[in-house]
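Peer 1: As they're listed, the protein sequences go chains A and B. Going by the numbering used here, the residue at position 379 of the first sequence is 390; the numbering climbs one at a time, nothing skipped. Going by the numbering used here, the residue at position 288 of the second sequence is 299; the numbering climbs one at a time, nothing skipped.
Keep in mind the hints are simulated off the structure, nothing from the lab.
From the derived model, a few chain B residues whose C-beta atoms are all more than 12 Å from chain A:
| no. | residue |
| --- | --- |
| 1 | 18 |
| 2 | 25 |
| 3 | 124 |
Covered, in the sense of this in silico footprint (three residues per stretch, anywhere, with C-beta under 8 Å from a C-beta of chain B), are these stretches of chain A:
| no. | segment |
| --- | --- |
| 4 | 40–47 |
| 5 | 53–61 |
| 6 | 139–150 |
| 7 | 273–286 |
| 8 | 289–297 |
| 9 | 415–421 |
Note that CB positions come from ideal geometry on N, CA and C, so glycine has one too.
Residues per chain, in single letters:
Protein chains: 2
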Amino acid sequence: MTAMTREACVALDASDPLAAHRDEFVLPDGVIYLDGNSLGALPVRTAEHLQRVVTQEWGQGLIRSWNDAGWFEAPRTLGDRVGRLVGAGPGQVVVCDSTSVNMFKALTAALSLRPGRTAVVGDRDNFPTDLYIMQGASGSTHEHRLIAADGPTLADVLDEDVAAVVLTHVDYRTGRMYDMAAVTAQVHAAGALMIWDLCHSVGALPVDLDGCGADFAVGCTYKYVNGGPGSPAFIYVASEHQDAATQPLSGWHGHADPFAFTPDYEPAPGISRFLVGTPHLLSCAGLEASLEIWDRVDLGAVRTKSLALTDLFISLVEARVGEHVSVVTPREHAVRGSQVSLRHEDGYAPMQALIERGVIGDFRAPDLMRFGFTPLYVGYADVWDAVDVLAEVLTTEVWREPRYATRNAVT
Amino acid sequence: MTAMTREACVALDASDPLAAHRDEFVLPDGVIYLDGNSLGALPVRTAEHLQRVVTQEWGQGLIRSWNDAGWFEAPRTLGDRVGRLVGAGPGQVVVCDSTSVNMFKALTAALSLRPGRTAVVGDRDNFPTDLYIMQGASGSTHEHRLIAADGPTLADVLDEDVAAVVLTHVDYRTGRMYDMAAVTAQVHAAGALMIWDLCHSVGALPVDLDGCGADFAVGCTYKYVNGGPGSPAFIYVASEHQDAATQPLSGWHGHADPFAFTPDYEPAPGISRFLVGTPHLLSCAGLEASLEIWDRVDLGAVRTKSLALTDLFISLVEARVGEHVSVVTPREHAVRGSQVSLRHEDGYAPMQALIERGVIGDFRAPDLMRFGFTPLYVGYADVWDAVDVLAEVLTTEVWREPRYATRNAVT
Chain A
12 MTAMTREACV
22 ALDASDPLAA
32 HRDEFVLPDG
42 VIYLDGNSLG
52 ALPVRTAEHL
62 QRVVTQEWGQ
72 GLIRSWNDAG
82 WFEAPRTLGD
92 RVGRLVGAGP
102 GQVVVCDSTS
112 VNMFKALTAA
122 LSLRPGRTAV
132 VGDRDNFPTD
142 LYIMQGASGS
152 THEHRLIAAD
162 GPTLADVLDE
172 DVAAVVLTHV
182 DYRTGRMYDM
192 AAVTAQVHAA
202 GALMIWDLCH
212 SVGALPVDLD
222 GCGADFAVGC
232 TYKYVNGGPG
242 SPAFIYVASE
252 HQDAATQPLS
262 GWHGHADPFA
272 FTPDYEPAPG
282 ISRFLVGTPH
292 LLSCAGLEAS
302 LEIWDRVDLG
312 AVRTKSLALT
322 DLFISLVEAR
332 VGEHVSVVTP
342 REHAVRGSQV
352 SLRHEDGYAP
362 MQALIERGVI
372 GDFRAPDLMR
382 FGFTPLYVGY
392 ADVWDAVDVL
402 AEVLTTEVWR
412 EPRYATRNAV
422 T
Chain B
12 MTAMTREACV
22 ALDASDPLAA
32 HRDEFVLPDG
42 VIYLDGNSLG
52 ALPVRTAEHL
62 QRVVTQEWGQ
72 GLIRSWNDAG
82 WFEAPRTLGD
92 RVGRLVGAGP
102 GQVVVCDSTS
112 VNMFKALTAA
122 LSLRPGRTAV
132 VGDRDNFPTD
142 LYIMQGASGS
152 THEHRLIAAD
162 GPTLADVLDE
172 DVAAVVLTHV
182 DYRTGRMYDM
192 AAVTAQVHAA
202 GALMIWDLCH
212 SVGALPVDLD
222 GCGADFAVGC
232 TYKYVNGGPG
242 SPAFIYVASE
252 HQDAATQPLS
262 GWHGHADPFA
272 FTPDYEPAPG
282 ISRFLVGTPH
292 LLSCAGLEAS
302 LEIWDRVDLG
312 AVRTKSLALT
322 DLFISLVEAR
332 VGEHVSVVTP
342 REHAVRGSQV
352 SLRHEDGYAP
362 MQALIERGVI
372 GDFRAPDLMR
382 FGFTPLYVGY
392 ADVWDAVDVL
402 AEVLTTEVWR
412 EPRYATRNAV
422 T
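One chain only, chain A, in its complex shape:
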């Protein structure tokens, strides 16, 4: 890899089986977009699709579109399509609400299935909202045990008191990935239920929820899935749990017969009881447009290219700016997601300097520069060019100019 040239990268792009997808996305001129792990790029087809939903389904169909345009079923029909991306058979995923709200449902539902158990396990490095929702949903009723990279381990904290384990599958900071099958089996061996946060997994790599026997999962669709800013999240509940689990967000769209308008809540059978309120249809429409692409994508090819892109980035970074940054993302493929994070004494300012030069990644406190690699629209030459700019920013130390230190609300 260290002998790589830009010409070789161009050749790799030319023979890339996913290369044709790049034209399905809008990418601004002069931008190399390595932040699709935070907000995915706009599919070309989305603008037209949204116009049709707005002008035809809403404008002309009006209230009739709840039946005629499939709005009422959208959480389930979109859910099944997202399900294919995470290894979930039909009827186990609905698209709705935010990841945080869905985590609340998943955790309270898991606790309803393990009424005698008094503890919940998380990872100190979970995406924070997973920890925050644990605190809100079970902080006053359950003991919280946190594992961490430097200990304690899962084996240390699992016992017959643990009701559920909440883990972020791919670490949003480091890109480290859990072994879903092994961890789920370990959790089940202790009699607990497993809840996966797939925000940094879905659309980035193959996931096999059914095959791993996962109990619950949640995730967003605005990162690798390209559903648009704040597109609705999803929740997976394994079939075996659906009719036994209850959760307190008992809104009318989760009712067995929502349009009977009866005064007493009766949860719908199956996955529908994890719906709450009226679906956000315009945001659903953004997701619907992007799923039309995903319906045609082989996730195995995505994973192959993702690993090649991140391998390339790591090797170029180490060869060219190894004295300025350290790679915190694991080299081992089996435990790597689709991002690479670099530790730098002051990651914020260099990232601002990169963004000004058209290489968009992001920063995560206290010292990580984060680069996401989205195989549908990022190519090998992009990686080469991004490292070129990174080398310029780091070796010239231009990032020390004061203007790069100005903080934004969202970093």
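Guided by the hints, dock chain B onto chain A, whose structure is given.
Peer 2: Okay, now just chain B, sitting in the frame of chain A:
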């Protein structure tokens, strides 16, 4: 009113101070739309606004739009604009999630402020999701006392055990409206907190939450506000309660410093602690477009026209089809919302026959034909013409044709 003619209706439209707004909405040819109380019509400007958000803010701005396009602040900036419609001063409303999810937050927050009290009060005729969320949020911890039109009354059930009262301000079936100021004062006199569901009020008539001393309110923006199918809901929390109230949907957007990514939840000061996950930006954009209209609308004029339209509809219905239907909506202005509901032995089939003839209302089980009057885009001649069609459907009994009995998923 009974001497009204179609010509007189046309004249009223010509002198209507709100008439100019009609051209700001897309209305399908041949349709008289009397279901804006279920899904508001499409503003003309919305399609273009959404295109700009999609192609410019998302497509070109990408992740940078969280700062540069105001996405991060959208729940608060849109909240303040919705706040003007419901009499809420700045900093007391955020736009987010669904009405059901927001009711869950409001109720759990109210209970956090009244820890010693063991009962919650609702109305049997509340919109069902309000009752369902009461059951999910407090069904296992609090006694539930339901008032009803035929008793018991609020006075019967209020005592020092009641923590909170949840009422739908305008009844979705009958259009009956509570006296917000009087009821809120009555609830406060018992030491309880008042939570209003404003789904059928916001954009239909002036509401004065601050003036009435309301504690919490929730509502949707896809009915009279015209934000689009499933546009985000809102939650109002009176300033005095914000820093003391807690709610268990403790997601990262409600954190005091969401991008610090600390492991422990610390609720933001003020209204922001009622946010949970990433805002649904495309759905927010639909609302943003419609609020540009509302920013220019006098709600007093809306109320005046709403009462005139519903008065006219009631008088024409009674004069022409009084033997076929009974008006269940109150005649008294002070207790009437912006809809009229007619009871009919088989309301479903006649409504399907009306819809087939271009007069779109809806049906609510078991026997109500519901007609919403949205002063921004419904005129007096529309009312006349709608009653013409209603008279044809009811007097010819064409609705008895079997095809009108076929039920849809959403009725």
